[in-house]
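Okay, here's what each chain looks like letter by letter:
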Amino acid sequence: MVADPVALQVAADLFPNGISRYAVGGLLVGLGAVVIYLGTGIPAGASTFLESTLSYVSGQSRFQRYVASRDWRVVFTLGIVLGGFLFALTVQSGLVSSSLYQPGTTGQLHQLGGFTFWTTNVQPWRLFLGGTLVGIGTRIGKGCTSGHGVCGVGSASKTSIVGVATFLAVAIGTAQIVAALGVTP
Amino acid sequence: MSDRHPLFKPLIFVGGLIFGFGLGFSHMARPEVVLQFLTFDDLGLLFVMFGAAVVSGIAFALMPRIRDRAPLTGDRYERRLKPFDRNVLIGGGIFGVGWGLSGICPGAAYASLGVGNVTILWALAGMFVGAYLQGWWRSRSDDLDPAAASAD
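Taken in sequence, the protein lines are chains S and F.
Going by the working numbering, the first sequence opens with residue 1, and the numbers climb by one from there.
Going by the working numbering, the second sequence opens with residue 186, and the numbers climb by one from there.
No wet-lab data here; the hints were simulated from the structure.
Hints are all accurate, no fakes.
Reference excerpt, derived from the structure (chain S facing chain F, CB under 7 Å, subset only):
#	residue
1	GLY30
2	SER47
3	GLN60
4	LEU133
Please read all numbers here as calculations on a predicted model, not as lab measurements.
Ideal placement from N, C-alpha and C gives every residue a C-beta, glycine not left out.
Extracted from the complex, chain F is given alone in its bound form (with noise of 0.2 Å):
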């Protein structure tokens, strides 16, 4: 993507800082507030994701409408739309096991890591390898099976 504008990665840069900082700010970087939350015990952790969805939702519903396309890439301004499949079950079923027991997600270990959290590099080893064995695990059955590939 040579052609990009040169604002394209500053601009991705800002909406990763702010994007952290919201993190760090909300304690969601903090899996012992995640695992309180999802122990009923602070409910709190609800306005962090739907009042995150509710902002990007308005941009989402609002800019087809206004411009047609993004001023630093030219793409079409679309909704995050990704076809459904058993995957997206099984996915967010090992998912959900891994959340509930670690309290951590991805955008929220980044995070977690600025604030002084070493030992969420436990976390982030783990997702990486996990991401590399799922990885090699399809990669072969892609290979084998290339009609397989194509229905993702």
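Only chain S is shown next, with the shape it has when bound in the complex (with noise of 0.2 Å):
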């Protein structure tokens, strides 16, 4: 089979860095999704995490509700934290390789104890303005892009169809304008 030229020059501007990296990764968030509903019955998502975590040092009304859930939760999350955390020590340190991971350039590397760390390059006026809007934003619209975006649309619901097409069409513009103002990184 000959591959057309023309093909190949448009995925390589779209993909860049291939599309192995992204495909496996977003196997195995599936995968973690997938391995707590089997057991469970749960579809999880990350961001209730911040208000159920709440629940613990303030009595509002609107963290207490999440009180039953809130210590499965940490451990969710301690659980995603040492997922990234051996994904560092395997594959970010590159004593587990493998052609299916592009390494990519963005960031800082670091090395520290023979391991390799990873920092982003992106400003923390950006990150904590950002993360605040993140933090009201999930919490209003019922579900980030754990809960929406892989449990809601893989369960075929409409109002997760409509909160990703909302806040994925917004992201874009505001990336977009952002990015046009100069502001980098």
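Put the two chains together into one complex; each comes in its own frame, and the hints tell you how they fit.
And the structure:
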């Protein structure tokens, strides 16, 4: 089979880092959600942790409604943090290599005790202000990229599909405006 | 939930590990990569979101037909369905501005901390501040107007 050079060029423009690391990562994210669902019947989302954890320190009724689930949500979040850490110790550090993994050139790499850690170049004010809006929006909008995006879309929920379409469209517009204003990184 | 199965939390933890490893491997834990996706410089992130949704979609479609209840909780297998109202649009819009500005969402932020990105603590601090602000505001309006509380 001879590949069409025009099609290859378009693919290289749209996917300069290939698709394998994205596809493999996506399958693992889905698998993590499925493991929890199979064992517990719970369609897990990541953003409820923010409010359920606040119930340890605040008596507000909006947080107290999550008291029953707050312990396992801490466990879920610790699992996600340590999953990222495990990735850093193995693949990111080069101890495990795979043709499916493209290292990329973003951010800063740091060597520490034989392992490779990564930090972002995105400015703290963007992270803090953006994070604040993420905290407000995901809780008012009933879900985030995992709750609506993975579990909700996977459930073919119309609410989640509309939610994802909304935050995706607004995020694209926002990122394009911020980039056009010359804010970098 | 003292009567929960002893394997309940270990299983949640293992699921979280796989989930976080996937976010690291896919580079969705890197705000730069999310921002490159949103500005159409690298559309690979589509494969993360839809790949994950397809995998979970298979489980959500099949499990209710295979078994009635989950072994560790006794809960019924159900799809994730939430009622639609204008909050989905308002909240989604606010989340979209935040995601487009920072390039980070909650799950990816937890995984980002794991890959060594201590700078992401700014975003995590912001997320707690934001979640607290909306919870404080909505708890107050729920107390003033109990009818509105049940509408959510």
